[in-house]
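*Asks:* Spelled out from the first residue to the last, the chains are:
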Amino acid sequence: MGQLVASKPTSQMVHGEVSDEVTQYLTFSVADERLAMSINAVKEIIETPQVTRVPMTPDYIRGVINLRGSVVPVIDLGARLGRGSLVLTKRSCIVLVEVQVGDDSHVLGMLVDEVKNILDIPPEDVKLPPEFGSEIRTDFIEAMGRVDDVFVIILSVDHVLSVQELAALRHFTEDTTLSNSSE
Amino acid sequence: MNLDSARQAFIEEVAELLQLMEDALLALEENPEDPESLNEVFRAMHTIKGTGGVFGYTPIVDFTHTVETLMDAVRSGRMALSKALIETLFECRDHTSALIDFIAADKTGTAPLSSELQRAGDALLARLGHAPVASPLPVAALNFDTPKSLPEANDLWMISLEFKRDALRNGMDPLSFLRYLGSLGELVHVATLFPIVSTASEHFDPESCYLSFGIAFRSDADKRTIAGVFEFADEDCEIRILEPDSAHHRYIELLETIPHEQVDCMGDLLVSIGALTPFELVRALKTQETAPQTIDSDGSTSKRRLGEILVEQGSIKPNVIEHAVKTQENVRAKRQEENRVIRVDAQRLGHLIDLVGELVTSSAAIRVMVKRAGIDNMTEVVDGVDYLVSEIRDNALQLRMVAIGESLSRFRRVVRDVSQELGKSIELIITGGETELDKTVVEKITDPLTHLIRNAVDHGIEMPAIRQAAGKLTTGTIHLNAYHDSGHIVIEINDDGAGLDAARIRAKAELKGLIKPEDVLTHEEILRLIFAPGLSTKDQATNLSGRGVGMDVVRRNIEALRGTVELESQFGIGTKITIILPLTLAIIEGFLVGAGRDQYVIPLSQVAECVEMNVNETRKHRGEHYINLRGEVLPFIRLTDLFENADSTRTVNQRESLVVVRFGHHKMGLVVDTLLGELQTVIKPLGKLFERLRGVAGATILGTGDIALILDVAELATIGHIHRHSISKQ
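So the protein sequences, as listed, match chains A and B.
Numbered by this note's numbering, the letters in the first sequence go through residues 1 to 183 in order.
Numbered by this note's numbering, the letters in the second sequence go through residues 184 to 913 in order.
Keep in mind that a hint or two might mislead.
As the list claims (entries may be wrong) - Derived lysine to any residue pairs resembling SDA-like cross-links, with alpha carbons at most 20 Å apart:
(1) B:K627 <-> A:G69
(2) B:K871 <-> A:N117
(3) B:K347 <-> B:F387
(4) B:K871 <-> A:M56
(5) B:K871 <-> A:S105
(6) B:K871 <-> A:C93
(7) A:K43 <-> B:K347
(8) B:K759 <-> B:K871
(9) B:K871 <-> A:A167
Stated by the list, open to error - Stretches of chain B that chain A covers, calculated by requiring three or more beta carbons in the stretch to come under 8 Å of a beta carbon on chain A:
(10) 547-553
(11) 864-872
The hints are simulated quantities; they were obtained by calculation from the structure and are not laboratory data.
Backbone N, C-alpha and C fix where the C-beta goes; we use that ideal spot for every residue, glycine too.
Chain A on its own, in the form it takes in the complex (with noise of 0.2 Å):
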């Protein structure tokens, strides 16, 4: 589970060291909890439309959406980090993001609770994450930043939507779907 998949990292993209420029967070909450990611690979913001389960998926792997003719997975992020599904409410808004997998570029859905806004963290304020003492996984991670004396997580996208790993661990949940009938 806690095994690290490596991918391309976006070229933009903050990397656990601290940056000289100030970058520009976007801030959204998940289970009552501040989150933040780096900007540049948020595409767009959408309120949550009809979204189409996906059967014999684990329960991180919300469903697919009808993006003006595309279908695009939706991650449930509550899911993803551990918190439980999320439940939809008014608030609930799906972040579009862009991932890069090899050299193909994918459009994920990640669902949240709510979008809160965009935040400019200088370079002094994000700090490294910490080795543990987080409820969060280590590499979901990418750094902690400073916003009025309280500390809010910054996400590393590429760990969090790591399109190998959300494939692979199909298999797992396949399994224990499988027991789970059996019983």
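Once you've looked at the hints, dock chain B against the given chain A.
*Replies:* Only chain B this time, still in chain A's reference frame:
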């Protein structure tokens, strides 16, 4: 930009030519004398050289030029085509292909050739250059300079000179022409004809010329040069020059390779290949002009045909004319065909098909809207649009259909190479090459097919000695067959080799823990185990196949195309593998069903029938997953159970329907809540994330804007099987 597209066209053209060359080489292996194939190889090299020159690809020009020259020697009989030479030509083909790949990869078009390629090319050229004398090709060396054992007379020009009476008076010296002729070649025999019996006759005029000569002449000069000797005698002499038979062959070959724009006039055509001198042509044209017009049976007038006049005039032999006429006809037919065919960029077609897909979705949306708004008088219009859209869809998809033959015939090379490497004798028979399917499917099926054919060659067909011992023909046969069957294409690979040893497969599977020794499996089920990951019965892995990673990958690839693969085999008799694929990956006819909270599409071509489920019966046998369908045992899967998406608002007493689906030779039932009818289904790929998801082949967008998943029936059956298995284990 333009140069780029021209370059792309060049690269594609070369690929086609190289394919033709390969086919021709394979044909030559069977029959080294086949003039058609010799020409094909020559033409391929010649055309690549020419087009390569236009782009200034010197390495290609240099290389193909040498091969072309060699082929010219071969087809004119100056050099024999040995097995070793064919082998070298195969390598030359591959090298040319490598050169093209290099050019394709090199965007600037100016990079120097990599030293590796250069060396490989030089090595081949050295072999070709020494081919007639050097040791690598002893057979060719022996046969050199002894072309087909033609009788000597066939090599001679026949020249007839009939001087007119006034020739001497006009200052002609017949002897000087003969002397000059002698400088061009060898006068083998000169027959002097002297028609006047007696010089003493009072009619004899010493100043008149009575001489005629029949000359047998050996020379490499062409007809125009020879005719040039008598240029000054045109007025005073009847000249007929008949070329040697070997020259006829050359004319006929030239006729076959002549550029198409030159064939419009028969006369020009013959002059351009050197079979006719311009003077002879002018004379014949004059005759044609002055000849009385004949009246055809339908009343129209027509001139005498030039060919007839030429033959009568003795300028040319009838068989050359015959060939020239044939060439003219062929070219005209081909030109018409070219006018009917347009080359289109595959990307543009892809875009068109995408747009048609959107159109299909939009028209479904309109239908939904009209229905919702309850506008009755719109229905007719909507029906009309629907009809047109489905017509457009079919036509657009048809555009991308190509015959499978070309991609099947490349396996000739695979079979040839592999069987030679293994020392086996194998014949590959291909039938149904004209069967059409979507180009995108063709591209994706090549790899799995190659693997299956290699398997057949490597593991299937036995060594000749073993075959003989088993009472079979020493030459094994692999039969590739393709045909259409209910919206699918079926490709069969049939070999008469050793077949699969069910006992060994079983033993191996038990060893690998895929099955338990006590499991009861049918013959068919055991054979299917070879599609399981990590099972290979060949104890020794060869470099061709047999590393145990093969068949499961093949199955996966085929299933990724929404296809199925079936296997039949009898130990010692042979193996038959049947691949069933959809014709297209873009748009299919689907059948929409509702199960639980979701809607799903089943490919209509797989739906056999729909029946109502008897609620009481199924409830009674809740644990069992088969029903009695008109006396047949039909296993079924309840989609809501498998997908765990049962709609809680549904009561158990509501009726369910059973959709009977077929895949390959199997049938299965899918229990659904509602039947929603046929649907033109535009297949949207689910993308990388769902790459390993089984049972779902893709998604489609419904008229309402909702998404429905497309079910993969064959996969569902496999999953259902495991599912049931795990239940029955309780």
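*Asks:* Each hint should be assessed against the structure and marked as holding or not.
*Replies:* Verification of the hints:
1. B:K627 <-> A:G69: At roughly 25 Å apart (the allowed maximum being 20 Å), G69 (chain A) and K627 (chain B) break the hint.
2. B:K871 <-> A:N117: violated, 31 Å
3. B:K347 <-> B:F387: holds, 14 Å
4. B:K871 <-> A:M56: It holds: about 16 Å lies between the C-alpha atoms, which stays within 20 Å.
5. B:K871 <-> A:S105: At roughly 10 Å apart (the allowed maximum being 20 Å), S105 (chain A) and K871 (chain B) satisfy the hint.
6. B:K871 <-> A:C93: With a Cα-Cα distance of about 23 Å, the restraint between K871 (chain B) and C93 (chain A) is violated, given a limit of 20 Å.
7. A:K43 <-> B:K347: violated, 96 Å
8. B:K759 <-> B:K871: violated, 33 Å
9. B:K871 <-> A:A167: Holds, because 8 Å separates the two Cα atoms, which is no more than 20 Å.
10. 547-553: violated (count 0)
11. 864-872: holds (count 6)
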